[in-house]
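A.B. asks: Read off the chains here:
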Amino acid sequence: MPLKLGSGDIDHIHEHAKESYPEECAGALIGMDTGEIKIVVDVWPTENTHEGERERRFLIEPLQIKKFEEQAQERDIDLLGFYHSHPDHPAEPSEYDREHAWPYYSYVIASVGKDGVKEMRSWVLKDDRSGYDEEPILG
Amino acid sequence: MPKVRIPTPLRQYTGGSSEVQVSGDTAGETLGNLAEEYPDLRQHLYTSDGRLRSFVNVYKGDEDIRYLDGSETEVSENDELSIIPSIAGGSAGRRCR
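Residue numbers (numbering that gives the first Met the number 0), protein chains in the order written: chain A, 0 to 138; chain B, 0 to 96.
Derived by calculation from the structure, the hints in this document are not laboratory data.
Some hints here could point you the wrong way.
Here are a few chain A residues that sit away from chain B, every Cβ distance over 10 Å (derived from the structure) [unchecked claim]:
no.: 1; residue: Tyr20
no.: 2; residue: Ala25
no.: 3; residue: Ile64
no.: 4; residue: Leu78
no.: 5; residue: His88
no.: 6; residue: Pro92
no.: 7; residue: Met119
Covered, in the sense of this in silico footprint (three residues per stretch, anywhere, with C-beta under 8 Å from a C-beta of chain B), are these stretches of chain A [unchecked claim]:
no.: 8; region: 4-12
no.: 9; region: 97-111
Where chain A lies over chain B, by a calculated footprint (3+ residues, C-beta under 8 Å) [said to hold, decoys possible]:
no.: 10; region: 19-25
no.: 11; region: 63-72
Bear in mind that the values here come from a model prediction, so they are computed numbers and not experimental data.
Just so it is clear, CB atoms sit at the ideal spot from N, CA and C, and this is done for glycine as well.
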């Protein structure tokens with residue numbers, strides 16, 4: 000399913016990835032799922048709370064996820080997925096990403112280097128957890 | 000029967016329900032029965048050797064069962080269990096410069 004991500008939201012993710020470099024950043028994608036397209040209306044940055052190794056690992060704690068879900072519900076919109084950055088690595092999910100992924104959620108990955116974001120791609124876990132399908136990002 | 004709250008990404012496996020009632024006297028038994036009733040859920044909750052996945056968090060009310068009695072945490076008729084995701088990941092492999 001394509002993911003519609005406006006230029007303002009793309010800018011926010013890029014800024015967060017650059018500010019956090021060389022560590023990974025993370026945040027939530029909030030919006031509507033029409034059944035044919037996921038439309039992101041807001042991105043909510045959050046803290047990467049992984050203990051150590053934050054240049055190659057990120058974690059968003061369950062209570063933060065609960066809070067995101069409640070805040071989205073109050074606005075009658077949904078939690079569609081998450082973004083995170085891969086400093087000096089491609090915008091492709093790693094084996095570690097796959098092991099930790101949930102179905103349905105969109106996982107937007109920004110490849111970021113010293114000079115900024117090089118590429119951003121979005122992925123969804125396959126139903127059988129064997130890999131990912133790439134989702135086109137529409138502007 | 001205790002209620003189990005299902006997070007958005009797993010509702011496709013419970014016919015769209017955000018909350019289901021499942022029998023069980025402990026958290027572990029209730030989750031096991033949930034996976035019996037909705038078999039497509041199993042692989043997302045448990046590893047191939049039957050352990051609850053590390054990013055699957057189960058709360059009884061507002062408390063993480065890891066800080067109660069884990070899977071042996073008792074649940075009664077009026078209790079509500081919530082499955083709450085944690086989101087983790089990260090890069091690996093070749094570096095690109």
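A.B. asks: Which hint numbers does the structure go against, in order from smallest to largest?
C.D. replies: Hint check: 2, 3, 4, 5, 6, 8, 10, 11 fail, others pass.
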